[in-house]
Amino acid sequence: MSTDRVKQILSHYGADNPGTKANLYRMLAHGTLGGTGKLVILPVDQGFEHGPARSFAPNPAGYDPDYHAQLAIDSGCNAYAAPLGFIESVADKFAGQIPLILKLNNSDTLPKMDQPCSAVTGSVEDAVRLGCSAIGFTIYPGSGLRNTMYEEFRELTLEAKSNGLAVVLWAYPRGAGLSKEGETAVDVAAYAAQVSAQLGAHIIKIKPPKDMVEQAEAKKVFEKYQIPTKTMADRVRHCVQAAFNGKRILIFSGGESKSTEEILEEVKGLAAGGSFGSIMGRNAFQRPRAEALKLLQSVMQIYKAAA
Amino acid sequence: MSTDRVKQILSHYGADNPGTKANLYRMLAHGTLGGTGKLVILPVDQGFEHGPARSFAPNPAGYDPDYHAQLAIDSGCNAYAAPLGFIESVADKFAGQIPLILKLNNSDTLPKMDQPCSAVTGSVEDAVRLGCSAIGFTIYPGSGLRNTMYEEFRELTLEAKSNGLAVVLWAYPRGAGLSKEGETAVDVAAYAAQVSAQLGAHIIKIKPPKDMVEQAEAKKVFEKYQIPTKTMADRVRHCVQAAFNGKRILIFSGGESKSTEEILEEVKGLAAGGSFGSIMGRNAFQRPRAEALKLLQSVMQIYKAAA
Amino acid sequence: MSTDRVKQILSHYGADNPGTKANLYRMLAHGTLGGTGKLVILPVDQGFEHGPARSFAPNPAGYDPDYHAQLAIDSGCNAYAAPLGFIESVADKFAGQIPLILKLNNSDTLPKMDQPCSAVTGSVEDAVRLGCSAIGFTIYPGSGLRNTMYEEFRELTLEAKSNGLAVVLWAYPRGAGLSKEGETAVDVAAYAAQVSAQLGAHIIKIKPPKDMVEQAEAKKVFEKYQIPTKTMADRVRHCVQAAFNGKRILIFSGGESKSTEEILEEVKGLAAGGSFGSIMGRNAFQRPRAEALKLLQSVMQIYKAAA
Amino acid sequence: MSTDRVKQILSHYGADNPGTKANLYRMLAHGTLGGTGKLVILPVDQGFEHGPARSFAPNPAGYDPDYHAQLAIDSGCNAYAAPLGFIESVADKFAGQIPLILKLNNSDTLPKMDQPCSAVTGSVEDAVRLGCSAIGFTIYPGSGLRNTMYEEFRELTLEAKSNGLAVVLWAYPRGAGLSKEGETAVDVAAYAAQVSAQLGAHIIKIKPPKDMVEQAEAKKVFEKYQIPTKTMADRVRHCVQAAFNGKRILIFSGGESKSTEEILEEVKGLAAGGSFGSIMGRNAFQRPRAEALKLLQSVMQIYKAAA
Amino acid sequence: MSTDRVKQILSHYGADNPGTKANLYRMLAHGTLGGTGKLVILPVDQGFEHGPARSFAPNPAGYDPDYHAQLAIDSGCNAYAAPLGFIESVADKFAGQIPLILKLNNSDTLPKMDQPCSAVTGSVEDAVRLGCSAIGFTIYPGSGLRNTMYEEFRELTLEAKSNGLAVVLWAYPRGAGLSKEGETAVDVAAYAAQVSAQLGAHIIKIKPPKDMVEQAEAKKVFEKYQIPTKTMADRVRHCVQAAFNGKRILIFSGGESKSTEEILEEVKGLAAGGSFGSIMGRNAFQRPRAEALKLLQSVMQIYKAAA
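Chains as they are written, first to last, in my numbering: chain A, 113 to 419; chain B, 113 to 419; chain C, 113 to 419; chain D, 113 to 419; chain E, 113 to 419.
Among the clues, some could well be false.
When chains are identical, the list treats them as one kind, so a pair holds in a single copy or across two.
Cross-link-like lysine to any residue pairs, in silico, SDA-like; alpha carbons within 25 Å at most [what the hints assert, rightly or not]:
#1 Lys-380 with Ser-291
#2 Lys-331 with Gly-386
#3 Lys-292 with Arg-117
#4 Lys-205 with Asn-275
#5 Lys-331 with Asp-186
#6 Lys-292 with Pro-228
In short, the hints are calculated from the structure, not lab data.
Looking at chain A on its own, in the form it has when it is part of the complex:
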């Protein structure tokens, strides 16, 4: 699986030690998309973020932690990402069968917080003892507590890199600084990608951007330099630029549950714009297993075609 494209991608991470490069390689080499330079990752942190019934009642098999690891393996995903408890449940049983990403911070929705900030719920030491390939972390650019998250990330990422792990950053702009709509505006999404890359993430995950510019200062620039934002491909292209001109792996989340058609349509736009792949949770595990396998394989085919 050491294809030219994989070698090229790894060459953008020249400052990393061989351990980290090996773990990036493991994720890029695993599964259906192995060797293409594209990734599809299964993330399951919704039980923590939204509660168990909202996450798993649509497909109750998902209450069981084994279900997701097996789904990620059988569907040919590049990696499986989850919080500490879910990873601990499967790390021993499925050891080595699929690269694991330990999500190190999480937020439940029981209290309503004005300035959102996830709790750090796992550690690099956990990721190492559980045989993970990477740590995952979420930042909320736009929150008044963003600096807290950036600084937690700095410490964890330094420790992860010196332990030979890769670092995946979920960047979800939200908080008092942004309108609800503006959270996925193209300028905000691209800004989130830039901040993530500057913070030293190897793999960055943002939401598919909308055709809208949130910040007044950015608006002037988008107009003056006529940055195209009409199609999803246009907007993804801008975000890929913002992720160091394609030198950082940028993937997109699936978001709320949608119809298969809508999903595939969206993925086509992402792929056309140069996305490195998708991270797809609810749209996968909330479907019956057969349907989920089929959907994930369809998504992978779109990326394979674009590779």
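Given chain A's structure and the hints, the job is docking chains B, C, D and E onto it.
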């Protein structure tokens, strides 16, 4: 006591080291319920939480720390849980006679705090030097300070696991994010169980859930997927699902003092729903010793029958 | 001085290492009350807490740190307690002549704080290098910052115990959660004793409780179980129960300066209720030396008679 | 390049270890101005501070991290400064070709904060592993959170110095304590330079000061001692005095994008006043490469002439 | 210079290690007052505290860090105190020529803070590597943040003492708890001296106290015990008592710039009351060098006469 059921339960903790597994085994193998996969634990932290007279005046023998350790041993409980002072008082005298759980955080009720948060009052180092099998910790999901508690728990649990201890988590939703009633709503109880499991607890303790759904988003899901909540058994079943489909040990507290009849009725419901057992404090130690022994034995019989 | 009573008291500290037991022994074996199981301690932190003139102008000899160490030695006290500066001033000169207790937190009265919290002004490392037998610490149960103090205490007490030191805890309920009167209500005093014991203190110091119950929930219990509170002896007896049924050393402060008669009257009540002794500062060092010596000896005689 | 001037400058850093002196030397000896005692540095942190489009849309080549390192090398700059992500992207590929300065704190502009404070986004350990010559840090004197930044700087600078790195401090007064205009008033700029020097920075960067005195107390002094502030050279001279009478390297930022003419005019004033050089970001990398190279060379010629 | 008086003073620091005693000795033995038990120290932190022009415009030679070290040496001062930057500038060049005191916290006056608190801007490790004899630190008793400062001081002072350094504490009461006038009231000044001594400082610096009692509780005591406060000598005598009855070195600051006559008058009062010396900044370095030398020598003569 290495029964098939105990082996099966331990198999769900494959990521833990042998030291931790041995301590889980010790608790599962001890006392009347040893080997059944069920647990009844005696917890005595009410002196700290509610004050000495409110806790021990009904049965003044309880002012003495020895009383509780002896009661736990004589009644055949699986373990005894208490704060630092109570454990220090008995650890040497009763060394090895019963598995000990050191409660690492506690909260008194002298000041009224808007956002409840317990103080960390003990350490893993204390648990180790005192020969404990596990640490205990309380979180208040729903409090604006929940992240503080989750992060304290993360650090303590990592340290406990690397020291071969087991981890017991008390999850009591409360705080500005919840109505008073909603603290024991079934969706909230299940959410607390899920969060606890994702945080990496081995044993989770919640309150018996009521037939009510607190969160608007959850309500839609409970209705759409017709999740049964009418009987205690129904609700416990949902919470057991939320605790990784029964792959994490989930037990229930007894709560306020009640009549023997009410208690046994409630325990029957818990057992029918698949509870792994009960943790029963005030209802045990506030009764005269003979009565308490009889009650605890009746409770154990119910679980034994359900095992 | 290894009397049966001293052996009995030490037997309640079975979880402690020999170093800590030796230091408890030193305090119990020293001075006029040595071997009786009773203690009278001289504390001088009022210079920090109330200012120098308010503390020492009544007897200007007290401006000099040597004065107090000499007074404690000559009067036959069991130990001398003071903040870092005072202890540093005498530790070398009087090395070994009397057990020293280093007060590790203190609070001045220059600013008025809504939520009182002492500053940590010394360390266990200081106590060790200065040859102290124990650390001292103050908590304000009832303050919104009590958790900060409990957590500082947890860290210091763990470090002290592993260094073979004993731990003395001053528990002074105050803060927004309590009425001014209620700070010394019997339920609050007993609650403070219980919290202190649960926090792991070896010796607990509270104020003489008044015939009043502060908390509504406690009131019901005091009435239902007819807990006697009329005499000082009644109230002290309840507090001794709250201190693990007499298994933790509980002593009482003298408080504001009073007439000799009032003091001795109060001490008689304390002794009758089972107090382990007194800690007497202002009432001792603000009197002329001869008078102070006489008073302290009278107090010791009362305890000796009750031993 | 070990000219008399370089030796003289290094003699002002007598307290530093040879490692740090070597890194100061490296920056002073590199590029077009090598040996003159003057410096021109290329900083590119605007992607983080203002967002990607606002920073790089004017010259899209700048989305690529390689572009800036190459520009700094080809234009003959003394050093290249950027946040973690940009430095990681180029450290291996361009290893040794130009001294690198790792910016250790950064601030995005998604939320609006009353009391500005950058997040610490990198570490000295990062600077060491990436082969950097110096760390960079930003303080906002005038912000209510300035002490937080000063204290972070103290820790990082001590660690940097003991690792043989040099320390560059960006001092940008802002926050509730200052009027918008006053942020670049000459008294405030000089105060920022003094604070920076007292904090132990080797190289200090401030903004070109305006002919205005912000603080009432300072105004009296400027008038009484007739400190000249009319020309840029006058004001720079005062700031150089404030930077330990020229014994600390003081350089000036270019600020917002301007016409070439304006820039060169400003630089002439800076050079005339004794500035050690300029740090020029947007005005360099937002121009087409040929134009940027020409501008930087013109700036260097002005400083060379003044050396 | 090992005179009887120096030996006597050192005898009050019996708890300190030989390294710290040697550094106290170095300061007491150095300069014109060497061996007398009196000290005059030159402190220059006003550049940080008030800004460069306000500090150095009256005598621009003072912009240069060398100037102050040379002035301290040539005038026969016992020591020179300054923040990190100034000490780093002279530590190598003047190594060993005069005892150095590294001021470890400082506060600029750009923002206005309700609860004043200095930033910690240097470390004990800095003091050690720079060859200093002591660390310096400022507390603001009366500020709502005083506990933060006391706790920072505790950590630094413990580290300094174990590194064989002496500890100098600047105690400047201010903040919401005090009237502007009351900051230098005699009760407040004496309280500040007592707190400083209890915190473990070796040398304490306060401002010359005024004939006024600030605190209501203190007022009663001053009246009842007729503590004299009319003359400066009276008030200094009370403060010396408060500094452990003369067993801690207590010196006084010069404060705002005044006429030579006023200064010498004030110093006579200080000396008459038993002050151990003066710390004189602005009144020294803002005068022309010849005048400053003369003034400092006159001040030293007054103390010599009083020794």
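Going down the list of hints, with the structure as the test:
1. Within a single copy, Lys-380 and Ser-291 get their C-alpha atoms no closer than 28 Å, and across copies no closer than 45 Å, so neither meets the 25 Å cut-off.
2. For a Cα distance limit of 25 Å, the shortest separation of Lys-331 from Gly-386 inside one copy, 23 Å, qualifies, whereas the shortest one across copies, 40 Å, does not.
3. For a Cα distance limit of 25 Å, the shortest separation of Lys-292 from Arg-117 qualifies neither inside one copy, at 38 Å, nor across copies, at 50 Å.
4. For the homomeric pair Lys-205 and Asn-275, the shortest alpha-carbon distances inside one copy (23 Å) and between copies (22 Å) are both at most 25 Å.
5. Taking the shortest alpha-carbon separations for Lys-331 and Asp-186, neither the intra-copy value of 45 Å nor the inter-copy value of 33 Å comes in at or below 25 Å.
6. Taking the closest pair of Cα atoms, Lys-292 and Pro-228 come within 25 Å of each other both inside a single copy (13 Å) and across two copies (24 Å).
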